[in-house]
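**Student:** These are the residues of each chain, in order.
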Amino acid sequence: GESVGLHLPTLSVQEGDNSIINCAYSNSASDYFIWYKQESGKGPQFIIDIRSNMDKRQGQRVTVLLNKTVKHLSLQIAATQPGDSAVYFCAENQGAQKLVFGQGTRLTINP
Amino acid sequence: DAGVIQSPRHEVTEMGQEVTLRCKPISGHNSLFWYRQTMMRGLELLIYFNNNVPIDDSGMPEDRFSAKMPNASFSTLKIQPSEPRDSAVYFCASRLSGGFYGYTFGSGTRLTVV
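Top to bottom, those sequences are chains A and B.
Here the working numbering is used: the first residue of the first sequence is 1, the next is one more, and so on.
Here the working numbering is used: the first residue of the second sequence is 1001, the next is one more, and so on.
Don't read these hints as lab results, they were simulated from the structure.
It is possible that part of the hints are untrue.
Unchecked claim - What follows is a list of derived Cβ distance ranges for each label pair: (1) 103/A <-> 1057/B: 22 to 30 Å; (2) 58/A <-> 1096/B: 18 to 26 Å; (3) 1078/B <-> 41/A: 20 to 28 Å; (4) 74/A <-> 1022/B: 30 to 38 Å.
Even for Gly, the Cβ is constructed at its ideal location relative to N, Cα and C.
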């Protein structure tokens, strides 16, 4: 029979609200983490990165938090806009330039 | 900069045919990566090159897949013979190695094998 595809976790937020997307990573030795945004029909687009020697980094409307104790990464988007609707991936650099992606979270912005 | 350029954007081919996907990395980037994206498996790293040399091809599914990088500005991913299960979106990405730099992705090639 036909295999069931991946069902992406989905987060729906109201326009103007803040959103938090979470990610658990697998390798405690990973030294670098990146959040990507992928819109329909496009390639992943770099949003923000963080090194393992940091626990927080801020960009324009986005903040990434890293908790190495529990191997958790989060992306906070402030004042979400319709253009923020996309699938968001976290990725960890597991050494030797091996960037491994999480399964992704679909963010939907409600008007 | 035009970014990472991939061609073709879409490819439909019959099972058993040879398929060649092309990638031009960002000028000055010395690492190049090929990824495959499917609903079932998400984004998977197939192979990557450093300074035109293949470093890790452990993600290449089987011998039907091969990749080359004859120079710093061009890479190909070839599937011969193609099968329906190869249908996916194939992405190329590049970066500057040796530091903490993000990877820049191309727009991808959507491959459909019928």
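**Student:** For every hint, state whether the structure bears it out.
**Tutor:** Structure-based check of each hint:
no., hint, verdict
1, 103/A <-> 1057/B: 22 to 30 Å, "23 Å, holds"
2, 58/A <-> 1096/B: 18 to 26 Å, "23 Å, holds"
3, 1078/B <-> 41/A: 20 to 28 Å, "24 Å, holds"
4, 74/A <-> 1022/B: 30 to 38 Å, "37 Å, holds"
The structure shown violates none of the earlier numbered hints.
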